[in-house]
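**Q** Residues per chain are reported as follows:
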Amino acid sequence: SQTIHQWPATLVQPVGSPLSLECTVEGTSNPNLYWYRQAAGRGLQLLFYSVGIGQISSEVPQNLSASRPQDRQFILSSKKLLLSDSGFYLCAWSAAGASQPQHFGDGTRLSIL
Amino acid sequence: GENVEQHPSTLSVQEGDSAVIKCTYSDSASNYFPWYKQELGKGPQLIIDIRSNVGEKKDQRIAVTLNKTAKHFSLHITETQPEDSAVYFCAARPSSNTGKLIFGQGTTLQVKP
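Quick mapping for you: the protein sequence lines, in order, are chains A and B.
Per the numbering used here, residue 338 is the first one in the first sequence, and the count goes up by one each step.
Per the numbering used here, residue 39 is the first one in the second sequence, and the count goes up by one each step.
Some hints here could point you the wrong way.
Stated by the list, open to error - Pairs of lysine-lysine residues, derived as DSSO-like cross-links and limited to a Cα-Cα distance of at most 30 Å, are as follows:
| id | chain 1 | residue 1 | chain 2 | residue 2 |
| --- | --- | --- | --- | --- |
| 1 | B | 109 | B | 96 |
| 2 | A | 417 | B | 96 |
| 3 | A | 416 | B | 75 |
| 4 | B | 75 | B | 60 |
| 5 | B | 60 | B | 150 |
| 6 | B | 60 | B | 80 |
Read the hints as simulated data drawn from the structure, not as lab findings.
All values reported here derive from a predicted model rather than from experimental measurement.
Just chain A, with the same shape it has in the complex (with noise of 0.2 Å):
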């Protein structure tokens, strides 16, 4: 069966401080991957979804970035964090093609300092 992994679960960063998160995928090829932002109590927003490996497509403008060097791994990454960068962070995968569910990792929750 399909697992995916998000870590850490929690993290605790300064003001202009480096990020990155990482979510890996088990059980299934070239799937489509997703990474969320939720701001408390608040619904989801759509930051970047990739396609491939080195296809990434940004939804909002922002001070995060993503990548995708393997094609189960999928990584969310910031060089200098920014207060409102603070939020819970989804990682998500559906098996390509335009109707699969999409299956969430259970999150990383940031706070800025």
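Once you've looked at the hints, dock chain B against the given chain A.
**A** Same frame as chain A, but now just chain B:
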């Protein structure tokens, strides 16, 4: 682009009663509508989904209805139990091959024992 509105934002019911959550979408070409349940500190879990060629789908105590003409879809939970308490999100997939989802703002469901 697609926009999804979800109501109500909070819902409180007595155990055993039914709960209904409604969503409307703006893009008539949207063709896939999943519902997610999110428990505290966890990622959203897919509970049921429906495609645009179907009007209703049921899975035990959970059902989803879709009205393409009116562009709205609803989640129905019957015989609610305390463990149904969570935040529920609807989503819509605009017609594309990327698999992107647009989420509603969420409904916090409280089932009182």
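**Q** Can you name, in rising order, the numbers of the hints this structure does not satisfy?
**A** Checked against the structure, the hints that fail are numbers 2, 3, while the rest are satisfied.
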